[in-house]
Structure formats: C-alpha cells, structure tokens
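Peer 1: Read top to bottom, the protein sequences are chains A and B. So that you can map any letter, position 452 of the first sequence is 452 in our numbering, and since no number is skipped, the others follow by simple counting. So that you can map any letter, position 222 of the second sequence is 222 in our numbering, and since no number is skipped, the others follow by simple counting.
One thing to keep in mind: the hints can contain errors.
Which copy? The list can't say, so a pair holds if one copy fits it or any two copies do.
Claimed, not checked - Here are the simulated lysine-lysine pairs, BS3-like style, with alpha carbons at most 30 angstroms apart: (1) K403 - K290; (2) K172 - K134; (3) K9 - K290; (4) K130 - K403; (5) K134 - K95; (6) K9 - K129; (7) K411 - K256; (8) K403 - K256; (9) K95 - K130; (10) K95 - K411; (11) K130 - K5; (12) K5 - K290; (13) K256 - K9; (14) K166 - K452; (15) K172 - K130; (16) K129 - K95; (17) K256 - K290; (18) K9 - K130; (19) K31 - K290; (20) K256 - K5.
Hints are computed from structural coordinates only; laboratory data are not their basis. Just so you know, these numbers come straight off a predicted model, no measurement behind them.
Here is how the chains run, residue by residue.
There are 2 protein chains.
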Amino acid sequence: MTDRKIPTKIYLEESEIPRQWYNVRADMKTKPAPLLNPATGRPCGFDDLTPVFCDDLVRQELDNDTAWFDIPQEIQDYYVQFRPSPLIRARQLEKALGTPAKIYFKFEGNNTSGSHKLNSASAQAYYAKKQGLKGVTTETGAGQWGTALAMSCAFFGLDCKVFMVKVSYEQKPFRREVMRTYGADVTPSPSNTTNVGRQILAEHPGTTGSLGCAISEAVEYAVSHEGYRYVLGSVLNQVLLHQSVIGLETKIACDKYGIEPDIIVGCAGGGSNLGGLISPFMGEKLRGEKDYRIIAVEPASCPSLTRGTFAYDFCDTGRVTPLAKMYTLGADFIPSPNHAGGLRFHGMSPILSQLYHDGYMEAVAYEQTQVFEAATLFARTEGILPAPESSHAILGAIREAEKCRETGEEKTILFGLTGTGYFDLVAYQSFNDGTLTDSIPTDADLAASFAKIPPMGNN
Amino acid sequence: MTDRKIPTKIYLEESEIPRQWYNVRADMKTKPAPLLNPATGRPCGFDDLTPVFCDDLVRQELDNDTAWFDIPQEIQDYYVQFRPSPLIRARQLEKALGTPAKIYFKFEGNNTSGSHKLNSASAQAYYAKKQGLKGVTTETGAGQWGTALAMSCAFFGLDCKVFMVKVSYEQKPFRREVMRTYGADVTPSPSNTTNVGRQILAEHPGTTGSLGCAISEAVEYAVSHEGYRYVLGSVLNQVLLHQSVIGLETKIACDKYGIEPDIIVGCAGGGSNLGGLISPFMGEKLRGEKDYRIIAVEPASCPSLTRGTFAYDFCDTGRVTPLAKMYTLGADFIPSPNHAGGLRFHGMSPILSQLYHDGYMEAVAYEQTQVFEAATLFARTEGILPAPESSHAILGAIREAEKCRETGEEKTILFGLTGTGYFDLVAYQSFNDGTLTDSIPTDADLAASFAKIPPMGNN
Numbered sequence: 001m002t003d004r005k006i007p008t009k010i011y012l013e014e015s016e017i018p019r020q021w022y023n024v025r026a027d028m029k030t031k032p033a034p035l036l037n038p039a040t041g042r043p044c045g046f047d048d049l050t051p052v053f054c055d056d057l058v059r060q061e062l063d064n065d066t067a068w069f070d071i072p073q074e075i076q077d078y079y080v081q082f083r084p085s086p087l088i089r090a091r092q093l094e095k096a097l098g099t100p101a102k103i104y105f106k107f108e109g110n111n112t113s114g115s116h117k118l119n120s121a122s123a124q125a126y127y128a129k130k131q132g133l134k135g136v137t138t139e140t141g142a143g144q145w146g147t148a149l150a151m152s153c154a155f156f157g158l159d160c161k162v163f164m165v166k167v168s169y170e171q172k173p174f175r176r177e178v179m180r181t182y183g184a185d186v187t188p189s190p191s192n193t194t195n196v197g198r199q200i201l202a203e204h205p206g207t208t209g210s211l212g213c214a215i216s217e218a219v220e221y222a223v224s225h226e227g228y229r230y231v232l233g234s235v236l237n238q239v240l241l242h243q244s245v246i247g248l249e250t251k252i253a254c255d256k257y258g259i260e261p262d263i264i265v266g267c268a269g270g271g272s273n274l275g276g277l278i279s280p281f282m283g284e285k286l287r288g289e290k291d292y293r294i295i296a297v298e299p300a301s302c303p304s305l306t307r308g309t310f311a312y313d314f315c316d317t318g319r320v321t322p323l324a325k326m327y328t329l330g331a332d333f334i335p336s337p338n339h340a341g342g343l344r345f346h347g348m349s350p351i352l353s354q355l356y357h358d359g360y361m362e363a364v365a366y367e368q369t370q371v372f373e374a375a376t377l378f379a380r381t382e383g384i385l386p387a388p389e390s391s392h393a394i395l396g397a398i399r400e401a402e403k404c405r406e407t408g409e410e411k412t413i414l415f416g417l418t419g420t421g422y423f424d425l426v427a428y429q430s431f432n433d434g435t436l437t438d439s440i441p442t443d444a445d446l447a448a449s450f451a452k453i454p455p456m457g458n459n
Numbered sequence: 001m002t003d004r005k006i007p008t009k010i011y012l013e014e015s016e017i018p019r020q021w022y023n024v025r026a027d028m029k030t031k032p033a034p035l036l037n038p039a040t041g042r043p044c045g046f047d048d049l050t051p052v053f054c055d056d057l058v059r060q061e062l063d064n065d066t067a068w069f070d071i072p073q074e075i076q077d078y079y080v081q082f083r084p085s086p087l088i089r090a091r092q093l094e095k096a097l098g099t100p101a102k103i104y105f106k107f108e109g110n111n112t113s114g115s116h117k118l119n120s121a122s123a124q125a126y127y128a129k130k131q132g133l134k135g136v137t138t139e140t141g142a143g144q145w146g147t148a149l150a151m152s153c154a155f156f157g158l159d160c161k162v163f164m165v166k167v168s169y170e171q172k173p174f175r176r177e178v179m180r181t182y183g184a185d186v187t188p189s190p191s192n193t194t195n196v197g198r199q200i201l202a203e204h205p206g207t208t209g210s211l212g213c214a215i216s217e218a219v220e221y222a223v224s225h226e227g228y229r230y231v232l233g234s235v236l237n238q239v240l241l242h243q244s245v246i247g248l249e250t251k252i253a254c255d256k257y258g259i260e261p262d263i264i265v266g267c268a269g270g271g272s273n274l275g276g277l278i279s280p281f282m283g284e285k286l287r288g289e290k291d292y293r294i295i296a297v298e299p300a301s302c303p304s305l306t307r308g309t310f311a312y313d314f315c316d317t318g319r320v321t322p323l324a325k326m327y328t329l330g331a332d333f334i335p336s337p338n339h340a341g342g343l344r345f346h347g348m349s350p351i352l353s354q355l356y357h358d359g360y361m362e363a364v365a366y367e368q369t370q371v372f373e374a375a376t377l378f379a380r381t382e383g384i385l386p387a388p389e390s391s392h393a394i395l396g397a398i399r400e401a402e403k404c405r406e407t408g409e410e411k412t413i414l415f416g417l418t419g420t421g422y423f424d425l426v427a428y429q430s431f432n433d434g435t436l437t438d439s440i441p442t443d444a445d446l447a448a449s450f451a452k453i454p455p456m457g458n459n
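In isolation and in its complexed conformation, chain A is listed as follows (with noise of 0.2 angstroms):
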C-alpha cells in the first residue's frame, strides 16, 4: 500500500474496534511477581483482596496465564462514545523537525474526561455495577482518574464517592466540578467522614491533605460500606489490561494500512497508558516474532525506571496497600514541588518493571521544561495542546526522530499521546512567564528514600 492512501488521521470503523483484551502476562517467561499481603508476607490471594476491590477485577489482576479476555457487551457499547481513538501522522512537526522518519501518534484525548483514563474506568465500573454494588470510591489529585471514573459511574448507574486532595479540591475547582456534573460525590481529603481522615485532622488540623491519606480514606470507606469497592486507575494489572485496548487499536490500524513502527514511544507514571500502548507490540516481541525499540519516557523529578530500584514497596505512602515489586523511589518519596502534571507516582507497575528488569524496554529522563518546549512546538504544528504527562511522549519521540535527522534513517515512530492539557493550563502558565524550573531529586535524597523500604519480600 502506498504512503499516499493512507489518512492523516486514521480512525477505525466502529466494527473494527476490539472485543477482547490482550493479558500480556501470559506470553512473558517471566511473570510480574505477585503482590504480598503486608499482615503475612505472602502472596495476595482471591479472599486477600476481594474486600476492597470487585471479584472479577481480583480475577483479573491475579491471572497470569489467560491471553485473552472477553470485553463485555456492555462496555462495547459505551466505547462507541469515546472509541476508537485516532491514529494521526503528524506530518507538520515532521516538517518542522525537517526529520526524514514518519511519526505517529494515538491520540486518547479526545473526551471529556481528557485523557486514556476512561479505558479502565469504564471497565471497573462495569464489573462493579454487574456485581451488583451500590457505588465505587476513589482518590484523586489534580482529577484526571477521578473525572474519567464520575463519568463511567453516570452510564452504568454507581454511586461515585470521590476522595479528593483538599489543596487540588480548592485550588483546582473545575476538574471537581465536572466529576459534581456527572452526579460524584467529591469530597475533600482529609475529611471528617472517616477514622483514618478523622485522625489525620486531629494530628494536622492545616493539613492540605496527600494523595496517601485520599487513598486511605477511599479504601476505609470502601471496605466499612455496605455495597462499596475501591478502584484504582494506574499500576496495577487489570488497568494495564483494559488498557491494552489502544494498542490493539494501534496494531490494527498499522496492519490495515501498512504502517510498522520500528519505536514506540510512551510517556510513564504508573504505567497504564504506556502498558496499554504496547501491550499487543510487546506480546510479538516476547514470543520472538517481531523487534520493536520500546521506551518509556519519564520525568527527571520522579524517575522510577531510571534511577530507581527493583524491590518490594508499599503503593502509597500511607503503607495500607499490598506490596509489590517494581522499580520504586521509596513510598515515601514525593518529587519536588516545582514538578508541574502527573507522572508523580513513586513505583512502576509490576508488569512494565519486569519487562524493563529482563531488557525488553529503555527508558530515559526528562526535564520538564525541555518537555513544554516540545509540547509548545507540537501544539503550534499539530494544532493539539497536551498534556503535560503525554507531552514527554512527544519530547521522546522528538528526540528519536532528530536522531534520524542526522543519520537519514527514514525509521517509524509511534507515540501515545495521552491527554490534552486543558485543565494544566497554570503550569503553561509557568512555562510562558519563563518561571518555570527544573528539579532533580541527588543520589543522598534517593538513598535516604531507599532506605525505608520494608525488607518484606526483599531478602
């Protein structure tokens, strides 16, 4: 097929759009090691975790083996409102770079909640409606996760209790008023509704809260609500499954058209976007049939994957959570706070940093405001503003692509780009007045971070 059928946006046909999800788990040799229950040291089981989260959202996050799942009917039916996503040339910021490589990117943004989010909020409120829950609690900060999972809760019919951090609660007031729009229950974290919220404002009373003690206050509310359970949108295996829906879109849109990425670039917190995006890539890379370059770009103020260690770790830092391993910071490292956008979380899911341990991806660091210059030019190019999460994508695959300018290798670059920047605009802002800086944690800040991991499951 030649260069010149192919769209410069390609969306598939609704038909078109995938009905099952890809477990990548199942073709890697070696598994993600298993959660342990921090009461006993051993591994998670299905009775472990079915009291904060659904049963069949526990069966998907325990099952290694299983390659392919069926998606529901019934999320078929709310993807038609935001699927399939586009897979866009972005011919523009070739010209600019003046760059002989193609570059691709999937787009995810184009919704109300701005970002891939959806993907796995739709699902866990599914299963939470089809177990027949009366509602969900969650935490969120700035609110991406926590909008994109209000919205799923409108179109099944859940109750959304959201815990919100009390400094983004009041100072970033609109993304808490689209979840109030699509009938949540946000709360400002720490609250006086629960123990744990109770305890923290005794102790605190100016507290502005912390996406530890949110997570605490969702879970407790959860487990001690008749008819509740708690989600969660990053790190954990069964978003990284849901998620892997934009990249069985990506791969089918490539095949159609002829299209062979030979990088994929995504950008990575806690690793549900870039987990998705490769997911189907790196199954054909695990079972030998094809190379891909994958890397994973993140940011130089938490950089898990590149300066952090493969160990056991609590997920949040209020050290309520099973641990797993991953590459983590220590979960009690918080990146500076200049850092502007998500990407903030201390660890990596299990699954990408097993694949990275065993060498089946890179990933590289960047300072964020290197990472605004790249998404100031992609916006001006390509007409999207980004998000600043997605826009270390972008600034990945700049990087890859200006490497081809000097080699005139004419190589395929595929990027996620993830979200829209329409509720950061404060820290473009930031970048626009020129105040914008950069922060690097020093080796003594990790090595003290390092030092308070538990030594469950690490000996």
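Let chain A serve as the given structure and place chain B on it in line with the hints.
Peer 2: For chain B alone, kept in the frame of chain A given last:
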C-alpha cells in the same frame, strides 16, 4: 440502507471533506441588505472595507451571487487537523428521554479551540497570509474566537494580536494562556497601546473593559500598522460562508447513510454556527426542493430574533463599524450580568435575519437554568460536557424529542453541538451549587434600547 448499518459516530473519509463552500445568499430571493458606511449612509463597497479587512474576504463579504467558492488547498491541508467532525447519534439521550425520535448531533468541539470557530479562523488567517500581510488583530471576550485565531495564525505563520477584555484577561486566564502558547500577543483592553485605549483609560481609570472597546482597539491597531488587518469571528457574511463546511459535511454524511432530518436546531448568538450548519439544507428549502423545520435557539437574556427589531444598527457598542440590517436589541444592549456563557451579541447575522424575516426559520428563547439542566442530562448520557452556548441547541432538540414522545412520531432531529464546556466550569459550578439564576429583559428595557437605534437606513 437499514438503521443497523449506520455507525453511532459517523466520520467521513478525509477525501469526502467538502472542497467548496456554499454561499446561501446565491439562492435567496431577497438578498441580505448591504452594510452601510456610517459616514455616508451609502452601501459599503470594496474600497470602504479593504482598509480594515483582507481583500479576498471583502470579495466574499460582498458577493451575493456566487453559489460555490473553492476552498484553497492550503486550507484543506489544515482542515485535516480538525475536520471531518463526527455526526453522532445520541442513542443514550434518546433512551433517557423515552422518545421515538432519532437525535443526531454534529460535534464541532473536538479541537483545542473547543468550538467551530476554527472553520472561519483558518480561512481568515489563510487569506491574510496569501495577501502577504504580517499579521491580524481581533478582540476576544472569554477567548474562544481568540484561541481559534491564535491556532490558525501559528499554522500559517502570522502575527496574531488579540485585545482581550481586561476582566476576562485577569479572571479567566486559561484561554489567555492557550493563546500565548500558540504564540499570540494578548493585550488586556483597554490598553495604552492605542489612542482609543488611552482615551478610555484617562476617562475611566478603573474600567475592566468591554467587547466594544476591545473591537475599537483591534480595528485601530490594524488600520494604523502596516501589514495588519482586522478579523472577526461571527455575524459577517464571509464567516457564514466559511462555516458552511459544517452543514456540507453533515449533508454528505446524511446522504451517505440515508438520514433525512425533519428538524434542524442550532444555537444562535451572532449566527456563525447556525448559519453554517443549515446552509445546504436552507439552500434546498429556498430552491423548493425539500422542506425542513429550522429552529434557532437563543438565550432568553439576549433574545435578538424573538424580541429584537429588524433594522439597520451598528455591529458594536462603540459605534465604529458599518451598519448592518439585522434583528437587533440595540447596540447598547448588554445582557444581565448573571448571563453565563456566550450568545451575548445584540444583533444577528444579516443573512439569518433576512431568512427569519422571510419565514424560512423559527426561533425560540430559553432561560439558562433550563439550559444547564439539559447540558447536565446530555453530559451524563452522551459523555460530552457541552459548552453553555451549545446547550441551547441541546435543549431545543430535547423539546422537539419530547413532543415526539407525546405524538409517537419518529422524527429525525439534527442539532449542532458547537463546542465543549471545559473553560466554562465557573458557570457549571454556579449551576451545581444552585446559585445560577435567570433574567429576562423587560419590555421597557428593550424599548429604551431600541430608542437609541440610529435613523440611518431605517427611514
């Protein structure tokens, strides 16, 4: 073609995007009245307008006879970044309403400007570049039009000078930052960079500005700087011509899938979206080939069609522009301060005004609390958070669908969803908090405003 084969979200192929704009004036038996030069009282000709506007745009403005204008290749190359836009079946909304009606909407909001405004901004920026100009100037209130223009100027490589009403510049900084990210120079108005700005600042030192003042500054800057022209995002005939791409795409999609709208609904402020959406359908109606009910929906707080008078009036509160014959509330009319969102222009496109006057379309006005109720229902069912402006059309479509529920008629209702509400969360918050109120101008208010309409052209 059976109903089952129609996708929920219809995307045309890129090759199906229209290559010509349609000029509905060519099929109007009574043409819209010409603009009058306020200095002479005589119809504006080419030479009256070219000091302010680009030459090609003036030709389009004055041409009542040419039915089809070729869309330059350069604009088509830009279109692929934001066109085709989807035509979507609102199945979940239909279900929630329990109506036998089929509801379709043409969604123009899936781009960073968040609205249909890019359709004309792209054309106006292109013609400015083609004329060899350095840049363009404009005014903006909340920033929707300014954002679209900034994006288009970045694409074509033009300076973009935006005078933004000072109160919006300070209190609604987010769209300002989008414009700056696209390289626009955004100046709070009134400013000390123009004579009119300095004069107003001297007379009213604490003023927070007005759209009328920002227009005057933008026009002055354009006519007093070599290589600049002024551009405008609504009301003008040329804008409706560019916006005809909305209706043409819709018509192609309808014809492709055998969809036959009975009723077409659009929100109406200056008329750019409604005029664009209905163009080809109105053409068929004018030529007697088909009949459609066409409904303009406007805010009860700014009811130019439903309560205005059809007369020559100034297009701006500053009274520096030509006079246009249109339905007007008087150039001094300002909607009540509790009016949220746009659709706040005192007049209506001369083309739409003439068509309404001649009985080719209907108009209704709704209060904003009803409009936000409709917006919330739409968001929860169809997943898209709509702009307050667009939500007027949603409510119009819902009202017609409810009538079908009463009568059992399976009518096909088409409406224009012009944009998203991501930058309108302050208004949503008022609605969510129950503090949003309505206000309707009294007959005495309007009579006082009508009394100031100048006699010129109205004798």
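Peer 1: Work down the list of hints and note, for each, if the structure agrees.
Peer 2: Tested hints:
1. K403 - K290: within (22 angstroms within a copy, 58 angstroms between copies)
2. K172 - K134: Classified as within: same-chain Cα gap 28 angstroms, cross-chain 38 angstroms, threshold 30 angstroms.
3. K9 - K290: within (25 angstroms within a copy, 34 angstroms between copies)
4. K130 - K403: Answer is neither: 50 angstroms inside a copy and 35 angstroms across each miss the 30 angstroms cutoff.
5. K134 - K95: between (52 angstroms within a copy, 22 angstroms between copies)
6. K9 - K129: between (35 angstroms within a copy, 26 angstroms between copies)
7. K411 - K256: within (19 angstroms within a copy, 38 angstroms between copies)
8. K403 - K256: Answer is within: at 28 angstroms inside a copy they meet the 30 angstroms cutoff, but 45 angstroms across does not.
9. K95 - K130: between (49 angstroms within a copy, 20 angstroms between copies)
10. K95 - K411: Only inside one copy: K95 and K411 sit 15 angstroms apart there, 48 angstroms across copies, limit 30 angstroms.
11. K130 - K5: Answer is between; shortest inter-copy Cα gap is 29 angstroms, intra-copy 43 angstroms.
12. K5 - K290: Classified as within: same-chain Cα gap 25 angstroms, cross-chain 36 angstroms, threshold 30 angstroms.
13. K256 - K9: both (13 angstroms within a copy, 20 angstroms between copies)
14. K166 - K452: within (26 angstroms within a copy, 51 angstroms between copies)
15. K172 - K130: Result: close neither inside a copy nor across copies, 33 angstroms intra and 42 angstroms inter.
16. K129 - K95: Between copies only: 19 angstroms across chains, 48 angstroms inside a chain, cut-off 30 angstroms.
17. K256 - K290: For K256 and K290, the Cα distance is within 30 angstroms only inside one copy (17 angstroms; across copies 40 angstroms).
18. K9 - K130: Intra 36 angstroms, inter 26 angstroms, cutoff 30 angstroms: inter-copy only.
19. K31 - K290: Classified as within; 20 angstroms inside a copy, 65 angstroms across copies.
20. K256 - K5: Both: 11 angstroms inside a chain and 21 angstroms across chains, each within 30 angstroms.
Violated hints, listed in ascending order, are 4 and 15; each of the other numbered hints is respected by the structure.
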